[in-house]
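Enquirer: Each chain, letter by letter, is given below.
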Amino acid sequence: MTYKDFLCLTPFLIIATAPVVIMIVISLLRNYNVVYGFSVLSLIAAFISIFFILPSVPHTIEPLFIIDVYSLFFLGIIIISALLVALLSYDYIKQLEGVREEYYIVLFTSTLGAALLAVANHFVLFFLGIETLSISLYILIAFQRSKSNSIEAGIKYLILASVSSAFLLFGMALIYTALGTMHFTEIVTAIAAAGQLSPLVLSGFGMMMVGIGFKLALVPFHMWTPDVYQGAPAPVSAYVATVSKGAVMAILIRFFFNLHGFDNHYLFIAISGIAILSMFVGNILAIRQKNIKRLLGYSSIANMGYLIIILLTGSNRGIQASIFYLISYIFTTVGAFGVITLLSTNEHEAEKIEDFKGLFWKRPWIAIVFTLSLLSLAGIPLTAGFIAKFYVIFEGMKAGLMVLIISLIINSVIGLYYYLRIITALFSTTSDIKLPELSLSGNITLAIVGISILVLGVYPGWLIDIIVKYVSL
Amino acid sequence: MILIYLIVILLAGAFLAWITGKRNSALPRIISLVALLSDLIIIIIYVLQSTPSDKDWLIDIKLEWIPQFGISLHLALDGLSLVMLILTFFLGIISVIISWKEIGSKVGFFHFNLLLILAGITGVFLSLDLFLFYFFWELMLVPMYFLIGIWGHENRTAASNKFFLYTQASGLLMFIAIITLYFIHGRSTGLYTFDYLQLLGTEMPSSTAFLIMLGFLAAFLVKLPVVPLHNWLPDAHTEAPTAGSLILAALLLKTGAYGLLRFIVPLFPSASVSFAPFGMLLGVIGILYGAKLAFAQTDLKRLVAYTSVSHMGFVILGVFSFNEIAYQGVVIQMIAHGISTGALFILVGQLYERIHTRDITKMGGLWEKAPVMGAIGLVFSMASLGLPGLGNFIAELLILIGAFKANILMSCLASLGLIAATIYSLRIVQKVFLGNKNTDWKMNDLTLREKAISASLVIAILWLGLFPQPVLNTAKPALLKTLLKQKEITFQNSAYNSGDPFLFLLPPSQPSPTGEGVVQNLFPLGGNKKGGKNHEDEIFSLSNIR
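Keeping their order, the protein sequence lines are chains X and A.
Letter by letter, the first sequence follows residues 32 to 504 of the numbering used here.
Letter by letter, the second sequence follows residues 413 to 958 of the numbering used here.
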């Protein structure tokens, strides 16, 4: 390892050291505020360190790591989302009974796993990252040990994620059998040399798609989503929806684009089918939901369906669109779950639509952020989601994916219907809800999220500029 | 910059109204009034100061917005948008005044939404960038949804959802069409832009053009609305608060008509010609079916809502007649309908405030109790049925004359609509103000504030009926420009096909099927001033029939 290697790994080192430090701190002095403050500062430090390594990329650390601007961008996205979730968690976790400081340890380990996915250039690191992420998520999801819902969700995730990991691993093994390598670049060369995908390799990809599809909650691997979103503590649901999916998306895009998967007929059909199914199933199932956490779960299925359209565009512009989409999606999702988190207490989780009735007249600012998030999910102008959806439609149409784009449009309308239901409730004039007091940290997070959604919706040029300038594969 | 100020003033007013509304319920009303008045004054000062010019656009401003996609903040004003803007601000002021007593709760947020809708409408009337246009188009939607959903009547939730879904779904179709147009233009010229002026005259196969046009049409025809797509309208109108109904009927529907004139005809000259027979048919169906349904209603507000469907049928009939006289009629119809239907909605609102019902079977004989209100009701019912001297008469007459030149059968059928209008309008007067007293209501006549509102509307509709020339003169260059672009391209594409609907407009010269140059000599356009004058003489113009 050279000095440059270390320099390029700084964010990872920070994220990896932080939980160790927290563990030591806890054993000496159990103080929630100290642990919380330290976690937030570490994440900020990790984010800032990204800017210091910018000049030294692209840099590969053979054979496992590839650190280029693309991975740094995703790293930034992952760390920012983790930071937002951490900020949100303050009150929610604080009021839990029993040990609470450990939450931040697990938050860091899972973020480490997610971050590794952004720089993986090898199946080994891919699997290592995804397992670190998953195992930490089991704990996070089941963190409210006193609640049966939470435990149920944790166990469900544990079993299904293990099965999906098995698929992933088996797929990797098949590809290794056929090509004799696990290095992304070498796989690409080997396939290019062979001229076409052998059935073995193709079934390997198929297996891997199952594993990845599970993590992204794409139909037909989506069954866990509503239960886990409902059972997990609200900030953890936000985490699953943003960090975990963002990271898996990072590696999926890199792998798929390096491989030119969009040129393969079977993969093209498979991905299109999954995308269309995800949109329709996610949106249609969301219509009947009364529980907002479940509803957002289904909506995230649909959103991932929109996003993987990008895989088929096969151009750098497509990747840029997907990054913009992810950024907007993350702010939007954190906004929606953030509101749920802040309005929940230990005794009462605010998750039914009735729990939000007339929120606007009691806590206007929170309701505005919630409304903005929902409008952004629905893709209405003035919000980041509109520009993001436009970007995806734009790139999709440029690549001639008309069927996919038309189903996106149809689904936007279906989606609107259930988002409107929540918004109607928010602005309902009759209400008898009881609301907890809000903390400073929660308010700040929501303010950041709300302003970001608006800024990206009204003046997105600068961000697109940055993305277009720097990101390519 | 003046155009940006118009929108910014409304937006700033919206936020101010909201913030101040928490402490004081009078401030938001005053702020909204000030914002709208200053917009109106700005535009009127501009009209008084400006000298007539031959320029295509009176004001034209273009700033960068999202340059990566070729999206710019391109706003421009011509006669058509000028007329529509004045109508917007005038009715905006009225809608603030009529809400003075009606809206008692959440005043700040109400005026926030009101001003936001008006800002969206202003933007729609000014945008010359298709992306920006779509942006404003959608911007009108969410606050309108709140306006109906929060301050509406009993079934407001269902109505507002229906409104939102209809308009959003159709809007998305337009969005896809806009992006397709963008790519087609970009691929053929290398210039990727959403700019309207650039996209004019994009060359594409006629089948493609037709499909893209259908995308645009979906949005405009739903907004207008045209008969199979009109389902959202009666519900939304009926459930909305009075100001909401007023803005819906008088302004929001007009954005659809404006879209037809501004986008459909110039962007798709030949495709719109091939759609014209269907368009006119839809118009006629709208006129007759809307009138029939209006006659069948017992809910007074619903009745007025259906008259909108009928009146908007004239607009689409006129738009697809493709001649100047019909277009002049369309412009007058947009304004006259805005004023007369708006006034009827206000009347219904005033009745509802007094007797808390909209059921006309429970009304009757109200003239005795409220003679002023009755007189106002009579005036606007007469306007609605097209009594000479009031604005709607001019509009419908011009449209029918124009349509007659394009399609005699449709025009004849459409003129039956005038009879139908007479039936439903007289029914309003008969059932509400005359006839037997079905219930003995205790009610007082119009207050001073209400009298002032009604008086200003009566003056406006009379002025429009007696002296429409200023409006016609203002809008004329814009209309001619629309028609010229239309003809220019139609002639180039399908020069002298026997099916060409404009053949009769041609100057009597030798048609030559050879080069384009000859065609253009025959039919000089654009920069050639002399030619332009000739052309104006050729087309029927209002002065000719007088």
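Fair warning: there could be bad hints in the mix.
With beta-carbon atoms standing in for the labels, derived distance ranges [unchecked claim]:
| no. | chain 1 | residue 1 | chain 2 | residue 2 | range |
| --- | --- | --- | --- | --- | --- |
| 1 | A | Arg435 | X | Ile475 | 22 to 28 Å |
| 2 | A | Ile453 | X | Lys500 | 54 to 60 Å |
| 3 | A | Gln480 | X | Ile190 | 41 to 47 Å |
| 4 | A | Glu566 | X | Pro395 | 44 to 50 Å |
| 5 | X | Ile464 | A | Ile871 | 29 to 35 Å |
| 6 | X | Ile475 | A | Ala787 | 35 to 41 Å |
| 7 | A | Arg599 | X | Lys465 | 55 to 61 Å |
| 8 | A | Pro882 | X | Tyr490 | 35 to 41 Å |
| 9 | A | Leu612 | X | Phe201 | 35 to 41 Å |
Not everything, but these chain X residues come out facing chain A in the computed CB check (under 10 Å) [claimed, not checked]:
| no. | residue |
| --- | --- |
| 10 | Phe425 |
| 11 | Lys429 |
| 12 | Val444 |
Simulated from the structure, these hints should not be mistaken for laboratory data.
From the three backbone atoms N, C-alpha and C, an ideal C-beta is built for every residue, glycine too.
Enquirer: Next step is simple, just say for each hint if it's right about the structure.
Expert: Here's how the hints hold up against the structure:
1. A:Arg435 x X:Ile475: 22 to 28 Å: holds, 25 Å
2. A:Ile453 x X:Lys500: 54 to 60 Å: violated, 45 Å
3. A:Gln480 x X:Ile190: 41 to 47 Å: Given range 41 to 47 Å: holds, Cβ gap about 45 Å.
4. A:Glu566 x X:Pro395: 44 to 50 Å: violated, 26 Å
5. X:Ile464 x A:Ile871: 29 to 35 Å: violated, 49 Å
6. X:Ile475 x A:Ala787: 35 to 41 Å: Roughly 60 Å apart at Cβ, these two residues miss the hinted range, so it is violated.
7. A:Arg599 x X:Lys465: 55 to 61 Å: Given about 58 Å between the Cβ atoms, the range holds.
8. A:Pro882 x X:Tyr490: 35 to 41 Å: holds, 40 Å
9. A:Leu612 x X:Phe201: 35 to 41 Å: The hint (35 to 41 Å, Cβ to Cβ) is violated, given that A:Leu612 and X:Phe201 are roughly 58 Å apart.
10. Phe425: holds, 6 Å
11. Lys429: holds, 6 Å
12. Val444: Since the shortest Cβ distance to chain A is 4 Å, the answer is holds.
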